[in-house]
Structure formats: C-alpha cells, structure tokens
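Asks: Sequence:
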Amino acid sequence: MKDVAVIMGSISDLKTMQASIDVLEELGVSHSVNVISAHRMPEEMINFGKTASDNGYKVIIAGAGGAAHLPGMIAATTILPVIGVPVDSHALKGMDSLLSIVQMPGGVPVATMAIGKAGATNAALLATKICALNEPSYQESLIKYTESMRNKSIESGKQLG
523 MKDVAVIMGS
533 ISDLKTMQAS
543 IDVLEELGVS
553 HSVNVISAHR
563 MPEEMINFGK
573 TASDNGYKVI
583 IAGAGGAAHL
593 PGMIAATTIL
603 PVIGVPVDSH
613 ALKGMDSLLS
623 IVQMPGGVPV
633 ATMAIGKAGA
643 TNAALLATKI
653 CALNEPSYQE
663 SLIKYTESMR
673 NKSIESGKQL
683 G
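Counted the way the numbering used here counts, the sequence shown spans residues 523 to 683.
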C-alpha cells in the first residue's frame with residue numbers, strides 16, 4: 523500500500539507534478555502516480571476518491587490546470603486530506619487554476635499550494651508531514667531534508683564574500 527497518491531488531470535501536468543514525485547522519492551515516502559481526468563474520466567475519478575482510504579492512501583496530491591476541477595472533485599469524494607497544486611496554464615499563467623482550486627465551498631476543503639513547481643514541492647512536503655504524524659521514518663527524513671536546506675543556504679551565503 524502507498525501512503526500518498528499523486529494524481530493529475532493530464533500527462534502534460536507531469537512537468538509540474540514531477541517536483542512532488544521527486545520530493546516524495548527523496549524523502550522515501552511510498553506513493554503512486556496516476557492520470558485521472560475530472561472531465562474525461564469522471565467515473566474513474568469518483569471511484570478513485572471513494573476507494574482511496576480503503577486502498578491505504580493517507581493523503582492525495584492533485585495537480586490540475588485550467589478549470590482545475592480535479593482537486594475539488596476528489597475532495598468531494600474522499601475523507602482524506604487533499605492538497606491541490608495549480609498547474610501553470612498558457613492562457614492565464616496558472617491564475618485560473620489557483621482560483622479554481624482555492625475557491626472551494628465551505629465543507630469541501632482543499633489545501634491549496636502555490637502555482638507551479640514550488641507548489642508541487644510544498645505539496646509533497648505537506649503530505650509527508652501529515653503522514654509523519656504516524657510514521658517515524660518520515661519524521662527523520664523531514665529532519666534531514668530541513669537540515670540539508672539549511673546547509674545549502676549557509677553555503678550560498680558564503681559566496682557573498
């Protein structure tokens with residue numbers, strides 16, 4: 523069983539969502555990756571959301587661009603926490619995606635990240651922190667990750683002279 527599901531509306535979203543996958547792999551978090559289109563695969567999407575908890579998932583990261591219905595629709599079908607990642611779109615630079623994901627009605631929460639790769643990175647970190655509540659190895663991975671970021675910042679500061 524996998525702890526985190528990374529889903530996206532289209533394979534074209536992988537350019538952004540790869541950042542989530544990379545962080546989850548770096549942290550050693552068990553995960554799966556699937557394309558599940560809210561518009562082209564509504565039955566599969568609903569089934570995925572309804573069965574996600576029974577399938578062992580603890581968190582779902584959903585990336586979507588344009589109308590970006592996937593995170594909200596998944597949130598409407600599952601009891602699990604859903605983290606939405608707005609994918610940068612050509613027409614409106616991801617603002618359409620961001621607004622679509624962040625404007626969920628009361629009662630259907632979606633934790634919404636920043637547009638693009640930074641958001642995808644943070645989605646993976648947040649998912650790991652949620653899973654780490656009950657998984658000590660994830661806590662250790664997060665501590666190491668944070669220490670690595672700190673060390674990189676210290677080293678970059680040394681370049682200032």
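In short, the hints are calculated from the structure, not lab data. Any given hint might turn out to be false.
[As the list claims (entries may be wrong)] Taking lysine-lysine and the DSS-like style, the derived pairs with C-alpha atoms no more than 25 Å apart in a straight line are:
(1) K651 - K537
(2) K651 - K674
(3) K680 - K537
(4) K666 - K651
(5) K666 - K524
(6) K639 - K651
(7) K572 - K651
(8) K651 - K615
(9) K615 - K537
(10) K680 - K666
(11) K680 - K615
(12) K674 - K524
(13) K615 - K572
(14) K639 - K524
(15) K651 - K680
(16) K537 - K524
Asks: State for each hint whether it applies.
Replies: Comparing the hints with the structure gives:
For the hint linking K651 to K537, the alpha-carbon distance of about 23 Å falls within 25 Å, and the restraint holds. Among the hinted pairs, K651 with K674 is consistent with the structure: their alpha-carbon atoms are about 21 Å apart, no more than 25 Å. A distance of roughly 32 Å separates the Cα atoms of K680 and K537; the hinted pair therefore is violated under the 25 Å criterion. For the hint pairing K666 with K651, the CA-to-CA distance comes to about 13 Å; that is within 25 Å, so the pair holds.
With a C-alpha separation of about 22 Å, the suggested pair K666 and K524 falls inside the 25 Å cut-off, and the hint holds. Among the hinted pairs, K639 with K651 is consistent with the structure: their alpha-carbon atoms are about 18 Å apart, no more than 25 Å. Our distance criterion of 25 Å between C-alpha atoms is met by K572 and K651, whose separation comes to about 23 Å. At most 25 Å may separate the alpha-carbon atoms for a hinted pair to count; K651 and K615 exceed this at roughly 29 Å.
Under the criterion of a C-alpha separation no larger than 25 Å, the hint pairing K615 with K537 is consistent with the structure, at around 14 Å. Proposed proximity of K680 and K666 is supported: the alpha carbons are some 21 Å apart, at most 25 Å. Taking the CA atoms of K680 and K615, the gap is near 35 Å; set against the 25 Å cutoff, the hint is violated. Taking the CA atoms of K674 and K524, the gap is about 30 Å. The hint is violated against a cut of 25 Å.
Restraint check: the Cα-Cα separation between K615 and K572 comes to about 32 Å, which exceeds 25 Å; the hinted pair is violated. For the given pair, K639 sits about 23 Å from K524 by alpha-carbon distance, which is consistent with the 25 Å threshold. Restraint check for K651 and K680: not satisfied, since their Cα atoms lie roughly 30 Å apart, outside the 25 Å limit. Simply put, K537 and K524 have alpha-carbon atoms about 22 Å apart, close enough for the 25 Å limit, and the pair holds.
This entry does not satisfy hints 3, 8, 11, 12, 13 and 15, going by the numbered hints stated previously.
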